[in-house]
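*Asks:* Below are the chains, spelled out letter by letter.
There are 2 protein chains.
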Amino acid sequence: MGQQFGQLDGFRADASGPRVSGHRGARGALPENTIEGFAFCQKIGIASIEFDVVMTKDRVPVVVHNHTLDGALARDAEGLWLPDPGPRVAEMTLAEVRACNVGMANRGTEYGRRFSDQAVLPHAQAPTLDDVLTFAAKPENASLSLLLELKTDPDAPDLAQERAEMVATVVAQVRAAGLVDRTVMHSFDWGILDVARAQAPEMPTSYLSYLPKGLPGEDTDRTVMPSWEEVPASMPKAVVEAGGQMWCPHFLDVTPEGVAEAHALGLVVGTWTVNSVKEINRMIDCGVDSIVTDYPGRVQDCLLRRAAS
Amino acid sequence: MGQQFGQLDGFRADASGPRVSGHRGARGALPENTIEGFAFCQKIGIASIEFDVVMTKDRVPVVVHNHTLDGALARDAEGLWLPDPGPRVAEMTLAEVRACNVGMANRGTEYGRRFSDQAVLPHAQAPTLDDVLTFAAKPENASLSLLLELKTDPDAPDLAQERAEMVATVVAQVRAAGLVDRTVMHSFDWGILDVARAQAPEMPTSYLSYLPKGLPGEDTDRTVMPSWEEVPASMPKAVVEAGGQMWCPHFLDVTPEGVAEAHALGLVVGTWTVNSVKEINRMIDCGVDSIVTDYPGRVQDCLLRRAAS
Chain A
0 MGQQFGQLDG FRADASGPRV SGHRGARGAL PENTIEGFAF CQKIGIASIE FDVVMTKDRV
60 PVVVHNHTLD GALARDAEGL WLPDPGPRVA EMTLAEVRAC NVGMANRGTE YGRRFSDQAV
120 LPHAQAPTLD DVLTFAAKPE NASLSLLLEL KTDPDAPDLA QERAEMVATV VAQVRAAGLV
180 DRTVMHSFDW GILDVARAQA PEMPTSYLSY LPKGLPGEDT DRTVMPSWEE VPASMPKAVV
240 EAGGQMWCPH FLDVTPEGVA EAHALGLVVG TWTVNSVKEI NRMIDCGVDS IVTDYPGRVQ
300 DCLLRRAAS
Chain B
0 MGQQFGQLDG FRADASGPRV SGHRGARGAL PENTIEGFAF CQKIGIASIE FDVVMTKDRV
60 PVVVHNHTLD GALARDAEGL WLPDPGPRVA EMTLAEVRAC NVGMANRGTE YGRRFSDQAV
120 LPHAQAPTLD DVLTFAAKPE NASLSLLLEL KTDPDAPDLA QERAEMVATV VAQVRAAGLV
180 DRTVMHSFDW GILDVARAQA PEMPTSYLSY LPKGLPGEDT DRTVMPSWEE VPASMPKAVV
240 EAGGQMWCPH FLDVTPEGVA EAHALGLVVG TWTVNSVKEI NRMIDCGVDS IVTDYPGRVQ
300 DCLLRRAAS
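Quick mapping for you: the protein sequence lines, in order, are chains A and B. Using numbering that gives the first Met the number 0, you'd call the opening residue of the first sequence number 0 and step up by one each time. Using numbering that gives the first Met the number 0, you'd call the opening residue of the second sequence number 0 and step up by one each time.
Honestly, the hints are just simulated from the structure, not real lab data. On a predicted model such as this, the values are computed, not experimentally measured, just so you know. Hints should not be assumed to be uniformly reliable.
One copy or two, it doesn't matter: identical chains are merged, so the pair holds either way.
Unchecked claim - Within a straight-line C-alpha distance of at most 20 Å, the following computed DMTMM-like cross-link-like pairs (lysine to aspartate or glutamate) qualify:
1. K137 to E164
2. K56 to E164
3. K56 to D116
4. K56 to E278
5. K137 to E35
6. K236 to E139
7. K56 to E95
8. K137 to D83
9. K277 to D116
10. K277 to E201
11. K277 to D130
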């Protein structure tokens, strides 16, 4: 398999089963992409956090899922919900992003009604990537691996330049924080992962995929993705050919055969976003390495029940 | 009404509805009676934490719910589950209690299967009361009120002495921590609340009750309770006659009429342990002041949905 990446240890199943990865922190318990959510993941001892990086107008990487800062989860300095969809992060300065409060989901929106146990953070700003890296670099957080999703702006006027600049900024921050050995570069945009590998060959790359059959319950923003003539017959082979070490299919696309094929090719297999007890158990049975979930406690519970029975 | 107790402000409903009180911390999200659970409550901005105090053999108040340290939630230093029921806390030294790990529920028990989203704390000791008070006294936790449940040992050879000693120790610690003005003394044992009021008249008293019709889903340990000839026709009147300022009925015993009667008598009304969306909404409709819940995020969500609709 060529180069071995120690960063993948935090994403590879062991005798106790799959690793747990906190999706945008622990969105089932706390608002997404907040330091408090990431800290919750550390407290409960799971292996990794997954989070999303988008560039602001002043070219600061911030940890926000959508390319717009939406009224489903963000209020302005006066406490009023932003429009939904809201302004493009690429057209907001960091100061404008930081003026918003992302500590509560808006129950007047479909998004806000999806996570019915999600608590409130009275005051929470969207963290910068640097904030998350500073958090992760603290000694008490040394056990956390980072699944850093690069969200390439689909409206960038020059995609190649956008990718190169974004990767350069992100990689510089990861290196400066001393977190190269715990970070995996992760994206739907297979093209930006080429750039990431070229600029930072010491970090492994993780390839997100989903087959075009709709994503019930997902809120994936408009995303830069490969423009295949047709979807590859074997997604694991396509990931290996692209140069990846980790494959992250949507859980509806996961089969035991697909996982076995990926393992035979030397890939680590993560899957997202797995929230129901039924699908969590199916993913364990399929033999995936990592389960990315909004409910890390629920995945721990499923694993513990199996161990206890 | 005589004396006004500022401590009750953290338990009294306001225009936004009832206050939220974290039952044993936030048991739906994190193991019960742990500092991490209490810290979660602070992060999400709820008004109060509820917790249980039991005395060890060496007369240290520890924050443990049952009078036994049970294999449903405690492992020994070797990682083996304790028996279930386990040893009596009153016959364990603090060191023996502290040698146990209470950071995970045992999924081989009924208790351990009840909270299916409860995450794991890899290493958690039962806190002493002093640990909890030290936590609460930190400036960042100044918004939290404390609902301190006194768990009188039902097997104490001399109940009067047991009550007097327990109250003396607990009150001394609350005073030393400077937390008299945020603490409410709370018990099923109405007799110990007499003692509490006599020793610490500056703290209000909260009277737990439930009518003898069984407690589905509750795991209340054998408890010292009043030995009425018959259950009072009006529990609010009984609480007032006993000298209390707060009444905490089980949610199945709550009616709009009972709450209105209690309010007319000047009582603050809290109710426990309210976990289902249906019952949370019923409690809000009944006009209770505080909702004690294992799922504080769920109660926040119910309140926010009502405000958004």
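*Asks:* Enumerate the violated hints, using their earlier numbering and listing them in ascending order.
*Replies:* Violated: hints 1, 3, 4, 6, 8, 10 and 11.
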